[in-house]
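A.B. asks: Going down the list, the protein sequences come from chains A and B.
All residue numbers for the first sequence refer to my numbering, where the first residue is 1 and numbers rise by one.
All residue numbers for the second sequence refer to my numbering, where the first residue is 1001 and numbers rise by one.
Think of the hints as simulated: they come from the structure by calculation, not from any bench.
None of the values given here were measured: they were computed from a predicted structure.
Even for Gly, the Cβ is constructed at its ideal location relative to N, Cα and C.
There's no promise every hint is true.
Unchecked claim - Far from chain B, by Cβ distances over 12 Å, these chain A residues were calculated:
#1 Arg41
#2 Leu47
#3 Gly61
#4 Ala62
#5 Tyr67
#6 Gly71
What the hints assert, rightly or not - Facing chain A, from chain B, some residues (calculated, C-beta under 10 Å):
#7 Leu1031
#8 Gln1040
#9 Gly1202
#10 Pro1366
Claimed, not checked - Okay, the calculated bits of chain A under chain B, using three or more residues with CB under 8 Å as the criterion:
#11 16-24
#12 49-60
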Amino acid sequence: MKKGGSISIWFFIGLSLLFNGVLILASSIYQLIHPPPPQVRVVLFNLHAGVWWGALLTIIGAFYCIYYAPGKGRI
Amino acid sequence: MASLVLIANNRLVHLSPVDLVIIVFYFALVLSIGFYLKGQANTGEDFFMAGREMTAWVAGLAFLSANLGSLELMGWAGNAYKYGILAAHWYWIGAIPAMLFLALVMMPFYYICKTHSVPGYLRLRFGPAAQALSSISFAFMTVLMSGINMYAMAVVMRVVLGWDIHFSIWVSSITVAVYVALGGLRSAIFNEVLQFFLIWAGALLIPILGLIEAGGWTGLKARILQNLTEQHVANPGAYTHLWSTLGNFDKNPMGINWVGIVFGLGAVISMGYWTTDFLVVQRVLSSKDLRSAKLAPIIGAAFKMMVPFIVILPGLLGLALLRDPHTGSILRLVPGDVAWSPAGQAQGLHSFDEVLPLMLARYCGPGLLGLGITALIAGFMSGMAGNVSAFATVWTYDIYGALINRNASDESKVRMGRWCTLIGMAVSIGTAYLVMQAQSIMDYVQALFSFFIAPLFGTVLLGMMWKRATPAAGFWGLFAGTLSSIGMYAWVKLDANAVRYVALSLNAQDQAQNMFRALWSCLICIIVTVVVSLITRPKPEAELEGLVYGATQIPSETYVSTLHRPWFWALLVGIVFVALNIIFW
């Protein structure tokens, strides 16, 4: 939703998901390369949920940012 | 003070720099949206109704998000741990029929009469007395709710992160006050939609990973049964069945039967909340046209049906999976007043309401943890923003504009709205400090609902459906219903045995009492309204146009295809709703 040539709400959402996704992906890849000691690992650490979750958020966020970028006229 | 120190030392999680960056970015983004939308909130329609130009999707997601406050996320996960899957009734029969009823039956009247608020509708239908009673009780309830939200958030931040309770209250409330005061309802709605996405992004991993660990739904049920049997809990099988244990008060952990759930919750409490609580109805009133206004609650209902996946399921997973990290034995959560006492903290006890953060800490590493905490904060802030924007509207239009300054200009109303946002937030902060003394947050709120919301539903329903209902009857019905609800609450507080009359069973827990109290107060409201209507003079039919069924021309939707008609999507949501209840019977 937007008004009078302003920025769509969906762009803000894309921005948020993209920012969070990139940070989560980066920190999870770092943990993949440098795993923490077993006693401080989260349960199901072996699934590396942060990597695929971060990647998913990054993809969705990037799509929203591009599709609803200011100036494209989409609401 | 000793308790606070212990809690700070026993914090559940430690945030990494990545987590902190995610949280700080969230605060920066919501404030940026507020500043960005400041220039689009210059008139009353813009500030209080978001210009009435929201699409069905935006209005529908905001409608749901305003309800996804702290009490939803934390409280109902805790209730799922306490009562089992029975807590899902508050998302399914306690929400879906009411949301569909709002969409298809009530929204046309709200929308066509162009009211700014639910008390505003009562003024048009029943006159200023009913409006005054409704608006004052709503304003009172709203600031209390907002304070409760703040308090719940501060407790979570203290327990989970070790943050100072006063710091949490002030930072979150100032942030919400700034973005709502700047951009009005449009800013609140934009942020609510953002918060909706963040809540799902941050909370969805818990049930996914939890089900993997538990071995799917079958494995989860087996573990719950095993754990509860080991602890000699009565009726352990009842924790994973929605309906099969509701034939008898003694056979389920809530001490309720199907009458309380179907009629108290489904027919009164939820109908009252979803169709007359202005906090949620305001979001739908901002829709750009009637079809969007009817579709918005249906979209909200579709997502509401899925919320148990991120709220109820983590509670059940906690029941199945949580173990003491030191002893390996089953971790039993306890009521908040026990867990947060100095003795409880010294023993490392956790409350029911901590089950969601406990599960978050169990599965989420750096980054994911920050997003999960952001999801909780987003839930708290969307609830607060919903309360404060609804309060500002009702105060400005229904108290200030109707009782104090009837000739107020549009400009002065916007100014008043901005000030009300700040004052409402200040009162909420005061309430948060008062609520610190309350034993159980959820039960307190449910009691408030039954005081005001249940009778209001009776009044609005008769007002919309019955042309004969008179202005005097509208006021006296609402007054009698509210008074009787408060009276029943006080009766049980003074004499615990009275619960056998109010809730039909001595085993009735607080939630069950609230359901029955709501049912009786709504019935009293309806009976008084009918009786007074029959002995007083009704309004001429010409004055009821746009307000009452039978006196209103509802615009036809024959020009749109089946796929674009609200009833089609309502039917689809209804079928899924029935299927879910049968699957988890």
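A.B. asks: Work down the list of hints and note, for each, if the structure agrees.
C.D. replies: Okay, the hints, checked on the actual structure:
1. At roughly 8 Å from the closest C-beta of chain B, the C-beta of Arg41/A falls inside 12 Å, breaking its exclusion from the interface.
2. Consistency note on Leu47/A: stated as away from chain B, yet its beta-carbon is not over 12 Å from all of that chain's, at 7 Å minimum.
3. Its beta-carbon lying about 9 Å from the closest one in chain B, Gly61/A breaks the requirement of being farther than 12 Å from that chain.
4. Every C-beta of chain B lies more than 12 Å from that of Ala62/A, the closest at about 14 Å, which supports listing it as non-interface.
5. For Tyr67/A, the shortest C-beta to C-beta distance to chain B comes to about 15 Å, beyond the 12 Å cut-off, and the non-interface label holds.
6. Annotated as non-interface, Gly71/A keeps its C-beta farther than 12 Å from every C-beta of chain B; the closest such distance is 15 Å.
7. The beta carbon of Leu1031/B comes no nearer than 12 Å to any beta carbon in chain A, farther than 10 Å, and the hint placing it at the interface is violated.
8. Residue-level restraint check for Gln1040/B holds (minimum Cβ-Cβ distance to chain A is 6 Å; threshold 10 Å).
9. Taken as an interface hint, Gly1202/B checks out: its beta carbon lies about 9 Å from the nearest beta carbon of chain A, inside 10 Å.
10. Satisfaction of the interface hint for Pro1366/B is found here, the shortest Cβ-Cβ separation to chain A being roughly 5 Å, below the 10 Å cut-off.
11. Coverage of the segment 16-24 of chain A by chain B holds. Counting CB-CB distances below 8 Å, 6 residues qualify, and the rule asks for three or more.
12. Counting residues of the segment 49-60 of chain A whose CB falls under 8 Å from any CB of chain B gives 5; the rule of at least 3 is met.
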